Amino acid sequence: MKPFDYLRAENTAAACHAGAGRGAAFIAGGTNLLDLMKLEVMAPGKLVDVTRLGLDRIEEEAGGLRIGATVPNSDLAADTRIRRDWPVLSRALLAGASGQLRNKATTGGNLLQRTRCPYFYDTDTPCNKRTPGEGCAALGGETRNHAILGTSEHCIALHPSDMAVALRALDAQVEVQSPEGNRRAYDMDNFYCLPGDTPHIETMLEPGDLVTSVFLPAPKGDRQVYRKVRDRASYAFALVSIAAVIRMEGGRIAHAAIGFGGLAPQPWRDIEVDATLTGTTPSAALFDKVADILLQGAETHGGDDFKIPLVRRLLPAVLEEATA
Amino acid sequence: MQITLTINGADHTLDLDPRVTLLDALRDHLGLTGSRKGCDQGQCGACTVLVNGRRINSCLSLAVMHEGDAITTVEGLSDGALSPLQQAFIEHDGFQCGYCTPGQICSATAMLDELAAGWPSHVSPSLDGPCELTEAELAERMSGNLCRCSCYPGINAAIRDAKGHQA
Ligand SMILES: Cc1cc2nc3c(=O)[nH]c(=O)nc-3n(C[C@H](O)[C@H](O)[C@H](O)COP(=O)(O)OP(=O)(O)OC[C@H]3O[C@@H](n4cnc5c(N)ncnc54)[C@H](O)[C@@H]3O)c2cc1C
Ligand code: SF4
Ligand code: FES
Ligand code: FES
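Protein chains in written order, with my numbering: chain A, 1 to 324; chain B, 1 to 167.
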């Protein structure tokens with residue numbers, strides 16, 4: 001690990017100020033950052049500890065919940081309000097990592113965890129995300145864990161979070177504080193950037209921008225399902241995952257928001273999928289049709305070819321469960 | 001950096017490079033070698049310790065971030081007599097080489113508390129409980145601890161036995 005200075009920030013303003021310095025990075029649970037720092041994939045010269053800023057509370061607000069950025073994933077999953085009204089979020093969190101990791105992993109850190117592309121981790125291979133302009137070793141390489149939607153010729157890495165997939169289906173917002181002291185919020189739809197020719201830029205955050213909380217609006221659907229398919233039964237990242245938030249009225253789908261993991265460089269959602277489902281009566285034909293819509297334009301790379309038939313089976317199964 | 005860590009109830013003041021993980025501080029600076037280094041990347045659970053009663057992977061945490069926390073290692077679970085879980089691991093042959101054992105025992109100690117607090121798991125049929133410690137629940141809740149010798153039958157029997165004592 002490269003040497004770094006450590007600073008325990010006393011308040012959010014001090015954290016943002018220090019985080020804006022050249023080579024500085026925030027550290028929360030450390031479960032992703034330290035892993036990457038050991039391999040020198042990331043080598044910040046200064047670590048700003050954000051775990052003692054009082055951002056560890058979950059508070060009721062406007063019919064929804066405001067979740068502090070450093071609330072551990074385990075507390076969030078176990079919160080009785082989340083379990084009752086936003087169960088898809090509990091389920092997504094519980095499907096991720098292990099009991100130990102969830103105790104350290106935070107809301108903000110989970111959103112901002114980096115890809116698990118093996119070439120990103122291997123500093124002996126070229127990677128545009130690690131070193132812009134170097135090339136992409138995944139193209140033509142081992143691609144079992146890569147994205148098939150939203151990629152570019154420069155990067156096909158996927159976003160590995162389970163939690164973020166549920167948050168996207170729940171229309172959550174990410175609140176950010178800037179070094180100038182301004183607060184702003186992003187819809188999950190606008191928080192992440194597609195790789196394009198700048199795969200090293202993953203979110204709208206600028207240096208020193210601190211994620212302070214995530215706002216969960218009142219749930220728009222009471223039928224919530226999270227399904228994750230992976231290579232082993234537990235303690236593994238998703239090959240494909242789906243979060244469905246649905247409300248039924250008189251046998252018809254009145255609200256549909258479907259989030260997808262394991263398919264794209266960001267927790268994915270397709271407005272055409274949601275729109276096609278909304279207002280209709282559930283049927284096998286409808287579910288196949290939305291799978292077609294989702295996968296139009298999908299590009300696979302050999303190792304990830306299996307994701308197409310997997311999604312074609314998983315999506316109808318999830319929708320069937322959520323609309324039954 | 002000078003820091004004070006509270007481990008198994010005693011304060012230790014150390015002069016540490018900020019790069020030192022909690023695991024390396026325990027093993028290399030304090031001689032508490034019960035916590036093991038398997039993978040050093042959060043994938044095996046051998047380094048599991050309790051921080052304020054919660055299980056974490058000490059290999060993925062910086063020592064300097066733990067000032068003021070109450071840290072418990074496997075060495076701190078027994079006060080003279082072995083804890084019920086430690087005793088049960090012996091009785092049920094919950095190990096072969098023993099490398100994963102301290103992590104298993106620390107992890108199971110906190111896991112039983114999570115269960116008692118009504119925390120659901122990925123395999124819980126309902127998020128509202130009650131949570132029975134079925135085979136599936138046990139496997140899921142302990143999935144963060146790998147055993148290379150595959151002593152899972154003994155480990156599971158030991159955890160069940162200790163839970164029985166606790167109830
Ligand atoms: C073995 C293993 C298995 C895993 N399996 C899964 C899985 O199945 N599903 C899953 O979803 N995840 C999984 N994870 C990933 C885990 O969820 C993440 O490592 C964790 O959520 C990151 O949170 P953290 O608080 O530890 O982040 P950190 O490591 O502290 O930080 C991650 C990044 O976020 C930045 N950051 C942190 N907080 C803030 C903030 N408030 N504002 C701005 N920037 C911030 C940091 O600078 C850093 O770049 C796994 C991890 C491991 C090691
Ligand atoms: S897919 Fe992206 S992260 Fe992986 S090697 Fe290519 S550029 Fe790097
Ligand atoms: S050594 Fe920490 S999880 Fe393997
Ligand atoms: S007893 Fe050998 S690794 Fe578990």
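Honestly, the hints are just simulated from the structure, not real lab data. Heads up, some of the hints might be wrong.
What the hints assert, rightly or not - Chain A regions said to be covered by chain B (calculated; three or more residues, Cβ under 8 Å): (1) 128 to 140; (2) 204 to 214; (3) 229 to 235.
To be verified - Computed cross-link-like contacts, BS3-like style, restricted to lysine-lysine with a CA-CA straight-line distance of at most 25 Å: (4) A/K46 x A/K2; (5) A/K38 x B/K37; (6) A/K220 x A/K289; (7) A/K2 x A/K38; (8) B/K163 x A/K2.
Since the model is a prediction, treat every value here as computed from it, not as a measurement. From the three backbone atoms N, C-alpha and C, an ideal C-beta is built for every residue, glycine too.
So, going through the hints one by one against the coordinates:
no.: 1; hint: 128 to 140; verdict: violated (count 0)
no.: 2; hint: 204 to 214; verdict: violated (count 0)
no.: 3; hint: 229 to 235; verdict: holds (count 3)
no.: 4; hint: A/K46 x A/K2; verdict: 10 Å, holds
no.: 5; hint: A/K38 x B/K37; verdict: 14 Å, holds
no.: 6; hint: A/K220 x A/K289; verdict: 23 Å, holds
no.: 7; hint: A/K2 x A/K38; verdict: 8 Å, holds
no.: 8; hint: B/K163 x A/K2; verdict: 44 Å, violated
Hint compliance for this structure: hints 1, 2, 8 are broken, all remaining hints hold.
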